[in-house]
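Let the sequences and hints guide you as you build the complete structure.
Taken in order, these protein sequences are the chains called A and B. Read in order, the letters of the first sequence are residues 1 to 681 in the working numbering. Read in order, the letters of the second sequence are residues 1001 to 1681 in the working numbering.
These aren't lab readings, by the way, just hints derived from the structure by calculation. Take the hints with a grain of salt, since some may be wrong.
[To be verified] Computed list of lysine-lysine pairs in DSS-like fashion (alpha-carbon distance at most 30 Å, straight line): (1) A:Lys-449 - B:Lys-1336; (2) A:Lys-341 - A:Lys-271; (3) A:Lys-580 - B:Lys-1092; (4) B:Lys-1524 - A:Lys-341; (5) B:Lys-1271 - A:Lys-448; (6) A:Lys-448 - B:Lys-1336; (7) A:Lys-580 - A:Lys-563; (8) A:Lys-98 - B:Lys-1580; (9) B:Lys-1098 - B:Lys-1335; (10) A:Lys-187 - A:Lys-336; (11) B:Lys-1160 - A:Lys-271; (12) B:Lys-1098 - A:Lys-580; (13) B:Lys-1449 - A:Lys-271; (14) A:Lys-341 - B:Lys-1449; (15) B:Lys-1448 - A:Lys-335; (16) B:Lys-1271 - A:Lys-449; (17) B:Lys-1531 - B:Lys-1187; (18) B:Lys-1341 - A:Lys-448; (19) A:Lys-681 - A:Lys-563; (20) B:Lys-1160 - B:Lys-1524; (21) B:Lys-1448 - A:Lys-336; (22) B:Lys-1580 - A:Lys-580; (23) A:Lys-336 - B:Lys-1449; (24) B:Lys-1038 - B:Lys-1531; (25) B:Lys-1681 - B:Lys-1553; (26) B:Lys-1335 - A:Lys-448; (27) A:Lys-335 - B:Lys-1449; (28) A:Lys-449 - B:Lys-1341; (29) B:Lys-1335 - A:Lys-449; (30) A:Lys-553 - A:Lys-681; (31) A:Lys-92 - B:Lys-1580.
[As the list claims (entries may be wrong)] For the chain A half of the interface with chain B, some residues (derived, Cβ under 7 Å), not all of them: (32) Arg-274; (33) Arg-287; (34) Ile-290; (35) Ala-434; (36) Gly-452; (37) Ser-455; (38) Pro-456.
Keep in mind the model is a prediction, meaning the values are calculated, not measured. Using N, Cα and C, we set each Cβ at its ideal position, and we do this for glycine too.
There are 2 protein chains.
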Amino acid sequence: MRAHGACSTSMVVLLVALAWAFPTRGDEGMWLFNNLPKKLLKEKYNFEADEQWARHLMLASVRFNSGGSASFISSNGLVLTNHHVAADTLYKLSTAEKNLAEDGYVARTLDEELPAPDLELNQLVEIVDVTDQVNAAVTPDMEPAEAASARQAAMARIEKESLQATGLRSDVITLYGGARFHLYRYKRYTDVRLVWAPEAKAAFFGGDADNFEYPRYCLDVTMFRVYEDGKPAQIEHFLQVNPDGAEEGDLLFVSGNPGRTQRLLTVAALKYQRDHRLPRILDFLRRKEILLQQYALDGPEQRRRAQDDLFGIQNSRKAYGGMLAGLQDPRFLEKKERYEKRLQQAANTDEPWLAIEEATRRRIDLQNRTATLRSRVYGIAETLVLMAQEDRRPSEERLREFRDSNRASLEQQLFSPAPLYADLERTQLADEIARFMELRGGDAPLVKKVLGGLSPRQRATEAIAGTQLFDVEQRRRLAAGGIEAIEQADDPLIVLARILNPEYRELRQIDEALDEQERQAYAKIAEAKFKAEGESVYPDATFTLRLAFGVVKGYQEDGQWIKPHTTIGGAFEHEAAHGKSGEWVLPESWHRAREQGRLNLDTPLNFVCTADIIGGNSGSPVVDRDGRLVGVIFDGNIHSLTADFYYSEEQARAIAVHVAAVLETLENVYEAGHLREEMGK
Amino acid sequence: MRAHGACSTSMVVLLVALAWAFPTRGDEGMWLFNNLPKKLLKEKYNFEADEQWARHLMLASVRFNSGGSASFISSNGLVLTNHHVAADTLYKLSTAEKNLAEDGYVARTLDEELPAPDLELNQLVEIVDVTDQVNAAVTPDMEPAEAASARQAAMARIEKESLQATGLRSDVITLYGGARFHLYRYKRYTDVRLVWAPEAKAAFFGGDADNFEYPRYCLDVTMFRVYEDGKPAQIEHFLQVNPDGAEEGDLLFVSGNPGRTQRLLTVAALKYQRDHRLPRILDFLRRKEILLQQYALDGPEQRRRAQDDLFGIQNSRKAYGGMLAGLQDPRFLEKKERYEKRLQQAANTDEPWLAIEEATRRRIDLQNRTATLRSRVYGIAETLVLMAQEDRRPSEERLREFRDSNRASLEQQLFSPAPLYADLERTQLADEIARFMELRGGDAPLVKKVLGGLSPRQRATEAIAGTQLFDVEQRRRLAAGGIEAIEQADDPLIVLARILNPEYRELRQIDEALDEQERQAYAKIAEAKFKAEGESVYPDATFTLRLAFGVVKGYQEDGQWIKPHTTIGGAFEHEAAHGKSGEWVLPESWHRAREQGRLNLDTPLNFVCTADIIGGNSGSPVVDRDGRLVGVIFDGNIHSLTADFYYSEEQARAIAVHVAAVLETLENVYEAGHLREEMGK
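Take a look at the structure:
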């Protein structure tokens, strides 16, 4: 499971992270580290989540800023995550001759560890409640647009002051739909090197067909190492390993960064998701999937270039499909409607619900209005234009991503030496211009300006042939030249971004005002829930560190009991059952190890538990009561795909790689006993 | 190239076949056999298209009622068409154990020829102009809906009388957008047997990637035989073969059934296609392509079951993509706008153009209103319900497909023993119910009725598990029981069709009134064109027999000259260039023949010519000046995909299998010299 990263920028902008929906049940919850469900854990599992235990786990947890989770597993900076979280880097490190994503990699020495071109890893070190400071900036008489600006400015000021005072990355996070604001301080690691990756055939065994399914047999792990001053970083808080853990019935914890849930959404907002937003996202994803499939038919090198995006899109398509299917079941919305009515009665008002409904109607009206093009290289042009404009303002008045506190992360992305492929960019840009034309209609003046009298394909061909933005130095020069350089540039992609810029800004402003309108309404709904249900609740996911818990447990499906564990031997059986064809082919290295009798086939490979997770949790460490590593989350089963909107314990399960399989294959398949030793085993 | 058969029923209903757009140029034209461009052929090519020549070619031409063209090639009823026209039958004749579509088939004797479950072949024997009779039924004071009924009734009467008088299938065809009506009389062949099909690897070599591309290397042919009274039909008019024909520069003729062109469309109608209809069709096709791909991942048998639909959908997706790309080039519409203004000035009115524009606006308003579900087995239920209702009326008042004159063809489809697969039908029905929900919104009362409180997937599972319509005898019983049986049936699919029926009928009526409004407007536009440009023009394609002409000629592409011919040896080179991988693997039989030195590698395999063709022309014979067969049309190149809207001679080409390759492979690959002999060679 990947973070749902494939929706369009305007869709991302439309998203507000929102809080819970129903009263918490069972093992539900993605809990804040500064508000853990201590009472619940004590009562249900007789577990004491003390300060020291929690702080150690928090500091041993790692966030991949590109969208994923991980953990420190040695004092020398070794980091364990998923292969599919690492995939973006693996593709960037690959060439036509050497495909690391496909074939895997083992560094035998520190010298062989390969620097990632643009990874940023974050270690959360502190959380501060700044709700009062943020709210003080907003007065009740402000219009939504004005309130949004004031609130953003307050958040920016807090972030900037924190950065200056501590040197740490500082992000103010909106929680409970706007009822709370917390400042998160992160240590940043940007010298990150690849240590070990298994082959795609092991990591993504079963491919798109098995994705989100269970039983499962994937070694979906990869190791990096963080460096400081050119040397392996010395890490105080790292996870010890327990290869005998995760027995059936065991209580386990997941510490990671769930990307986004929407459990507080009102019925009107859910219907907007069901009837408008999700069907459109799915149309978009299927379009891109076919586009990339067609591009990949051109040859093996094209297939390699398309693969990373294609995996991501297939993954999102399946995830959104599951979400939509959940919303299309009338029984869920009926329940939600009844709950909403009760809450309105308790609150003695339906005013915030009506405000959401009105915002939703406006979002429907806006849904064909887009002013961005989803191509990597166009994205660079768009960022350069926006950055030059924003930099004329004080930091706190800028669009969020252009503030001083985010500048280092932004520049790492903008000036990344990761390869861009002109033919792939041309294909995607042509399709994006065509899609823009379809959304807005061929007669729209803005469309005519974008086309400049040419067809979408010709326009894209011309722009890609003429741009110099593939060259990182040229990006730096343009960025250094500020607004004048941008306004005078005749680079065709900069010209295109200038054409779309006024409309982009207008839409962004409308979106942010709608976000604020919703934020204020959801804050009221959240307060109503606090009143009705008490304060010990968790907020919707916000791609920040959370603790989930659950037990190792099988489930019933189509009249069959699915056991919680699979083994390495089971992977070979699964391969045989599919005639060793298609996506069900294990790597040569596994077959060799088995034939030579080196592999213990009884080693547990994957397991499921009831913890409440979602995209972004990929790579999260799974630990036991003693905080020892027993597994790495990499997926949820098909029943878990409704987790955006509600948690269920009946069939929904989180899927993890068992740490025993990591140790077993390191030693006996990948001849990397030195890494096993570094993990203390 | 297949006929664009994958659009939804309501889309099919929305389509009116319409006439030409620009003055005819070059080798443009899909000419009526009763109005051939004799003067043009004489002047440009010094060719006399005399009565005898034309009548022989007409009678030797065959229409596959399922959507394709063919020809008689022996006195014993041998019929030559494309493998992809035959594919539907090949799949229906296949089982899990024996995959004829994939592996091919050769009947060594008449006894081994395999009866197709539901093919209907048509031989056009006569054309009668009935314009005056049809128009007499419509008076100027009628509302569009009334006029549509009156016109339909007049057409039905003419068809019924003709059927009774001649025993021939009788169809009144609307030509020139409604300016002319001709009665077509066909001899029907329904005992059709499979004689020879090559492997899919030979017929569809290069797969989806090479589809609509050139150079090309496909043996896209299949042979059937028509029977009468259990014996091979005796055919007077069949084509002699000329294996030395189709030299560069040769004048050739194509006699086939182009499905539909839309060259008369007004600018408003073209913009509707560009901004609404085509983007929606493409979303639909991509959705179904992904759905079938996912279904096919379940295993080899699922792959086999999905293959026929999947090929068709991929083909349509590529075709519609090319059409949309053509319309998205602003230069085409600019030219068209200038032309339209000139025509309006010459006609001294813009009234019919405004009428089209108004109809177009109404079509946009209606585009989310659908009341059908695209699943084969649901289609059977829908037809049974409609048929029972329609049969209470006199034939001429019924919906077109339920009239007496069409009953034999309808029943052949409805009671076809062709296999239906419950798992595939369930997958498709679930997706169709979900799509219906997305289009109309989850709160629509009709959607709630369809769901009956369940999710789309559960509703489909229940309906497919409970229906008896997989059983042909049950269909016959229900049909025999008439309206009472239908109204009392508790078969869940019949229940579903009854729920949707009132809305379906209402939409159908609205569509037909809009069709009539457009027909009357286009008839006026056609008359304006007759006046401005003379009467020697061809009407838009209507899936009826037409004659196209052109010369064998290469073309320029990306600075390279593409030669008009490829050879069998070139196919092996093309395979090697793609590393003998993916879709570029020739069948074992070809490799064996080459290794044993039996194959003449210089034999021409495919060639291109400038003839004006479109989907539906697949399988059309290509003949020389003497009416001898030199090839079989099977595709157009990527540049020809705009042919729906305009003809171009610069790069657009029709692609044919050369008859020499048919003879060569029959003899030396398929050990079917007896068929070669039957062709007189």
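Now the hints, each set against the structure:
With a C-alpha separation of about 20 Å, the suggested pairing of Lys-449 of chain A with Lys-1336 of chain B holds against the 30 Å cut-off. The hinted pair formed by Lys-341 of chain A and Lys-271 of chain A meets the criterion: a straight-line CA distance of about 16 Å does not exceed 30 Å. For the suggested pair Lys-580 of chain A and Lys-1092 of chain B, the alpha carbons sit about 28 Å apart, so the restraint of at most 30 Å is met. Annotation: proposed proximity of Lys-1524 of chain B to Lys-341 of chain A is violated, straight-line Cα distance about 59 Å (limit 30 Å).
A hinted pair counts as satisfied when its Cα atoms are at most 30 Å apart, and Lys-1271 of chain B with Lys-448 of chain A qualifies at roughly 14 Å. Of the supplied pair hints, the one linking Lys-448 of chain A and Lys-1336 of chain B holds, its CA atoms being roughly 17 Å apart against a limit of 30 Å. Under the criterion of a C-alpha separation no larger than 30 Å, the hint pairing Lys-580 of chain A with Lys-563 of chain A is consistent with the structure, at around 23 Å. Distance restraint check for Lys-98 of chain A and Lys-1580 of chain B: the Cα-Cα separation of roughly 22 Å lies within the 30 Å cut-off, and the hinted pair is therefore satisfied.
Restraint check for Lys-1098 of chain B and Lys-1335 of chain B: not satisfied, since their Cα atoms lie roughly 53 Å apart, outside the 30 Å limit. Our distance criterion of 30 Å between C-alpha atoms is broken by Lys-187 of chain A and Lys-336 of chain A, whose separation comes to about 40 Å. As the CA atoms of Lys-1160 of chain B and Lys-271 of chain A are separated by approximately 51 Å, the hinted pair breaks the 30 Å bound. Taking the CA atoms of Lys-1098 of chain B and Lys-580 of chain A, the gap is about 22 Å. The hint holds against a cut of 30 Å.
With a C-alpha separation of about 18 Å, the suggested pair Lys-1449 of chain B and Lys-271 of chain A falls inside the 30 Å cut-off, and the hint holds. Our distance criterion of 30 Å between C-alpha atoms is met by Lys-341 of chain A and Lys-1449 of chain B, whose separation comes to about 24 Å. This hinted pair checks out: Lys-1448 of chain B and Lys-335 of chain A have alpha carbons roughly 16 Å apart, not beyond 30 Å. Restraint check for Lys-1271 of chain B and Lys-449 of chain A: the C-alpha separation of about 18 Å stays at or below 30 Å, so the hint holds.
Between Lys-1531 of chain B and Lys-1187 of chain B, the direct Cα distance comes to roughly 36 Å. Violation of the 30 Å bound is thereby established for this hinted pair. Only pairs whose Cα atoms come within 30 Å are accepted, and Lys-1341 of chain B paired with Lys-448 of chain A is accepted, the gap being roughly 21 Å. A threshold of 30 Å between alpha carbons decides the hint, and for Lys-681 of chain A with Lys-563 of chain A the separation of about 28 Å falls inside it, so the pair holds. A threshold of 30 Å between alpha carbons decides the hint, and for Lys-1160 of chain B with Lys-1524 of chain B the separation of about 29 Å falls inside it, so the pair holds.
Restraint check: the Cα-Cα separation between Lys-1448 of chain B and Lys-336 of chain A comes to about 17 Å, which is no more than 30 Å; the hinted pair holds. Annotation: proposed proximity of Lys-1580 of chain B to Lys-580 of chain A holds, straight-line Cα distance about 20 Å (limit 30 Å). Restraint check: the Cα-Cα separation between Lys-336 of chain A and Lys-1449 of chain B comes to about 20 Å, which is no more than 30 Å; the hinted pair holds. Distance hint between Lys-1038 of chain B and Lys-1531 of chain B is fulfilled; the C-alpha atoms sit about 20 Å from each other, no more than 30 Å.
Using a Cα cut-off of 30 Å, the hinted pair Lys-1681 of chain B and Lys-1553 of chain B holds, with the two alpha carbons roughly 27 Å apart. Between the alpha carbons of Lys-1335 of chain B and Lys-448 of chain A the distance comes to roughly 16 Å, so the proposed pair stays at or under 30 Å and holds. Restraint check for Lys-335 of chain A and Lys-1449 of chain B: satisfied, since their Cα atoms lie roughly 19 Å apart, inside the 30 Å limit. A C-alpha spacing of about 24 Å is found between Lys-449 of chain A and Lys-1341 of chain B, which places the hinted pair at or below 30 Å, so the restraint holds.
Taken as a hint, the Lys-1335 of chain B and Lys-449 of chain A pair is honoured in the structure, with Cα atoms around 19 Å apart against an allowance of 30 Å. About 27 Å separates the Cα atoms of Lys-553 of chain A and Lys-681 of chain A, which keeps this hinted pair within 30 Å; it holds. Distance restraint check for Lys-92 of chain A and Lys-1580 of chain B: the Cα-Cα separation of roughly 28 Å lies within the 30 Å cut-off, and the hinted pair is therefore satisfied. The interface hint given for Arg-274 of chain A is met, as the beta carbon of that residue sits about 5 Å from the closest beta carbon of chain B, less than 7 Å.
At its closest, the beta carbon of Arg-287 of chain A sits 6 Å from a beta carbon of chain B; the interface hint therefore holds under the 7 Å criterion. This hint holds: Ile-290 of chain A has a C-beta 5 Å from the nearest C-beta of chain B, less than the 7 Å allowed. The interface hint given for Ala-434 of chain A holds, since its Cβ lies 6 Å from the closest Cβ of chain B, which is under the 7 Å cut-off. Of the supplied interface hints, the one on Gly-452 of chain A is violated, with its beta-carbon coming no nearer than about 9 Å to a beta-carbon of chain B, more than 7 Å.
Look at Ser-455 of chain A: its Cβ gets to within about 4 Å of chain B, closer than 7 Å, so that hint holds up. Hint status for Pro-456 of chain A relative to chain B: holds, with the closest Cβ pair at about 6 Å, below 7 Å.
Hints 4, 9, 10, 11, 17 and 36, counting from the list given before, are not met by this structure.
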